[in-house]
Structure formats: C-alpha cells, structure tokens
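Use these hints to put chain U onto chain R, whose structure you have.
So the sequences go chain by chain: R and U. If you read the first sequence in this note's numbering, its first letter stands for residue 21, the second for the next number, and so on. If you read the second sequence in this note's numbering, its first letter stands for residue 6, the second for the next number, and so on.
None of the hints are false.
Using C-beta positions, here's what the derived DEER-type ranges look like: (1) R:Gln38 x U:Leu151: 49 to 55 Å; (2) R:Thr267 x U:Leu105: 55 to 61 Å; (3) U:Gly42 x R:Glu113: 35 to 41 Å; (4) U:Val128 x R:Val277: 40 to 46 Å; (5) U:Lys17 x R:Ile266: 47 to 53 Å; (6) U:Trp40 x R:Ile266: 29 to 35 Å; (7) R:Glu113 x U:Leu258: 43 to 49 Å; (8) R:Glu35 x U:Val18: 37 to 43 Å; (9) R:Val141 x U:Asp193: 19 to 25 Å; (10) U:Leu151 x R:Leu206: 36 to 42 Å; (11) U:Leu258 x R:Ile137: 40 to 46 Å; (12) R:Ile137 x U:Leu46: 29 to 35 Å; (13) U:Val204 x R:Phe200: 35 to 41 Å; (14) R:Gln38 x U:Leu41: 34 to 40 Å.
Hint data in this document are derived by calculation from the structure and do not stem from the laboratory. Quick caveat, the model's predicted, so the values are computed rather than measured. Just so it is clear, CB atoms sit at the ideal spot from N, CA and C, and this is done for glycine as well.
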Amino acid sequence: MLKIFQRLWQVNWAEQWQYRANLLMYLFYWLVSPIIYLAVWTSIANSKGSVNGFTANDFITYYMTLLIVDQITSNIVIHTFAYKIQDGTLSNELIRPIHPMLTNALVNNIAFKMLTIMGLVPIWIVLALLFKPDFASVTWQGILLAIPAMILGFFIGFLLSAAITSVAFWTTRVYSIHEFYYALILLFSGQFVPLTLMPQLIQNIAHYLPFQLFMYFPIQVILGKLSTTQIMQGYVVAGVWLVLSITFFRWVWRNGVKQFSAVGA
Amino acid sequence: MYYLKLLNTFLKVNIQMSLAYRADTIVNILLNIMWLGWELLGLSIIFGNTTSLGGWGYGELITLLGVFRLVNTFMIALIWPNTEKFNQSIRDGSMDYTILQPVNSMFLVTFSRISVWRIWDLVLAVVLIVTGINISGDITTPISILTFLLLTVSGTIVLYSLWIVLIALTFWFTKFDNNVTILQALLDSGRYPVTVYPVWLRIIVTFIIPIALATTVPLQALRGDLNLLRVLMFLGISTVSFLIASRIWKAGLKKYSGASS
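Looking at chain R on its own, in the form it has when it is part of the complex (with noise of 0.2 Å):
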C-alpha cells in the first residue's frame, strides 16, 4: 500500500508541476479575498481603536495566519474529480483494486497543495513585510496544538467535499450543490471574520459545525487566543466529524457507484 501511495505521489507531483503557471494565477485569484477583508477590519479597528476586543493588530495576524491555515485544510476536489464522473472516464479507475477518491484524488490534493505553499510562501513574506504583523502571543506549543487539529480539518473537510462530488453521480448540476456549500463555509468558517465577530447565532451554530475546524478554531489555536478547555471541546467536536464525514462520504460512494453507468460505448 504504501509503495502505491508513493507511486501515486510521483505521478501526481509530476502531473501538477505542469501546471505550475495555472497554479499561480490560481494562488494569486485566491488570495484576493482575505486581503480584503484584512483591509476592511484594519481599517475598522483603526479608525475605532479596536472591535470587540480586536486591535488592527489582531486581525492583521489573524488573516496572515488564515493564509496559510486555509492552505493546508482546503481541497479542490470538485474541480478534479466531478467531471471525471460526468464524462466517464471514473470508469479506468473504477476497475484499478484501490479506492479511487481516498487514494489518487487525496495524493493529487496533496501535490497541489504542496506546490500552492511553495508559491505562497515568497508572497507571504511580502505581505508581513506590508503589513508588519506582531506575531508575539504565537507560542511553540500553540503552533504545534495546531497542526493535528489542521490534518483533522483538511480531511473533514476531504471528505465532505468527496461526498459533495460524489453527488455528480446523480445529477449534472453537482457544481451549484457546491457553490451552496462553498457559501456555508464562507459564512460558518471564519474567513469572513474572525468568529467572535459575528452575531452571537451565527456564533453558537458555527461551533457545532465542521467549518470552523477549516479556518477560525486552527487560527485561534495557533495564535493562543484558546483555552485549554476550548481547545479540548474543539479536538471532540473534530472527532465527531471526522467519524460523521467518513460515514458519510461511504454512504454516498458506495450508493453513486451503484448508480454508475460510464458515458459512450
């Protein structure tokens, strides 16, 4: 098995590393955003002091940090994988002995994640040479707390939006049922804002939801800005999810296979 994944791994980095030039246009079309919004919430706190309790500072560090947690705990899977399904050529894979999804579709997320922090790296340094973030409450311990809860995001997170292609099995319009989901976490993850910021409903559903394991729970542990008994309800609500994505994500397989009939002869 792990020679396959290592195998799995050669083909994938290669296939990518063609990409490399799309890569950055996708890197660069990506980051827009959380500048943004870094510049919105700056500019509120400076012109106010703070929000909330926030300083310009606190939401400088908290989106340069977004930059790279949301690196690590995001997936492009839909855009890999749905059309395969569309236009039948899931079929050559369907008949190799190993899963398809958890194998070759996980190892090429990882390529391109790899290659897209490779990129992100030089830009994130001169983006903290712009915008001076004061990363003093960052501790070790923080940083490595951090990194299983990012593993456990990144495949939650997988999974979920493994299940949410795997819906192409049914219907074409597989994208719009993704385009609703993106939407979710956009508003349940923290990206918009920093979670505290939001009001006080949206707060007490967002901590019962898978998202904010993608992007807010991560960066608030990186940044020490969590208890301990916060950090330990956050790693029982990731398990929780975890076992629910992966029961899931199986249902919805093992039900689309059945479903399957490739296009053409």
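Showing chain U alone in chain R's frame:
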C-alpha cells in the same frame, strides 16, 4: 443603425441558446439571490461593529454594492463569456472568420456572447443603488446623478479598454490564455471603497487595474466629493484609454496569422 441591428441579432441568438438551459437558469438565479443575501449579511456584520467604513456609511456601501454589481454583471454577462470564446478562437484559428466579416472586429469580439438571463441582475443593482441612496440620506441633485451615471459608464469603459489590451496581447503571446485572471481576481476589491485599502493596494486598483474608477469614483461623484476638474479628468482618461486600446487591438490584428499551417 447597422450595429444596432447586429446587436439585436446577437441578443436573439443568445436568448435561444439560453432557452435550452432553462433549469440551469433558475438554479443560477437562486444562487445569485443567495450571494446577494450573503453580501447584505456581510455588510450588516461590518456595520454591527462600526458606523463608518473608510468614511462611508451603511447606505453608501449598499449603493456601492449596487454599482459593483452593475460592473460585475457587465463582466459576467458579456466580458468573461466573450473572453472564453476569443481565447478559443485564437487557439483553433476560428478568429479568421471573425476578421473576414465586414464589421468592426472589436465589436464582434465584444458582443457575440451574451448571458441574457443576467439582465435581471441589472435591475437588482439599480434597486440596491436607489435603496442605498435613500438609507444614506445623501442629498442628490440632477447634476450629481448625471455625473454619477457618466462616471459609471466612463469607469466601465476604462475597464473594458484594459480588457481589450489584455486579450489583444494574445495576438503576440498565443499561450497567454490566463490573460484576464488578474482583472477577474481584483474585481472583488470593488465591493468596498478604495479608502479602506493600504496605499500599495489603492495604487494597484486605481492606476494599474483601475477597478476603483468604475466603483468608488462614481459614488464619490454622487456624494459630491469631486470637483468639475476631477470629473473632466476621469472622462478624459476613459476617452484616451479607449483610443489607446483600439490602437493596440488594430496592431494586434496585424500580428495575427491564423492557427493552421
């Protein structure tokens, strides 16, 4: 007149094409309403924490959202679909047929694809603009409304000219099919007044990729922040940029040599 007739034909063709995808249209409209809800929620979250953003109030940001959606609709309904078609035609050489027509090629390249159902989005944008003005309580005069409209159009022309330049570059660099990504990516900055951005970003979205000219500037005119000299300057910029763009387009056409052997 001839061009109006052509435009009419393009509209008819595009309506027929979109009628084939009725269910998709409905889904798209629903998604669009969802994003509008999200945008309004975002604004109310911002203004739940502050009373002004870069010196602008809640109502003014709603108006700005309307103006942004106006420009954005222009891009989504016209510019992006035609970019896709254009890049394709450079790659497979079907640009030949466009050039052979006895019509201005820039006109053909701009209008041959239209996402017709987006028209309702324009109505929505106007509703947002009017509602925003009412909430903000800004005093509008016929002159301020006129300059607002003029500057929205002239700002859009500047963006359009930039687009022409970007796609014309494809004549020289055939592989440059990421030509509009930079424009697409930065467009979102138009949702907020440029005054909230740090200086370097303000310079980019004002002078290099001048999104602000089509979003922030018209609203400044509506608020009466601009004197006559500035207004004339912006109108001048849009005329000059359009002239430069059509020059570059013509030069690019000369460079074009088809895709076949």
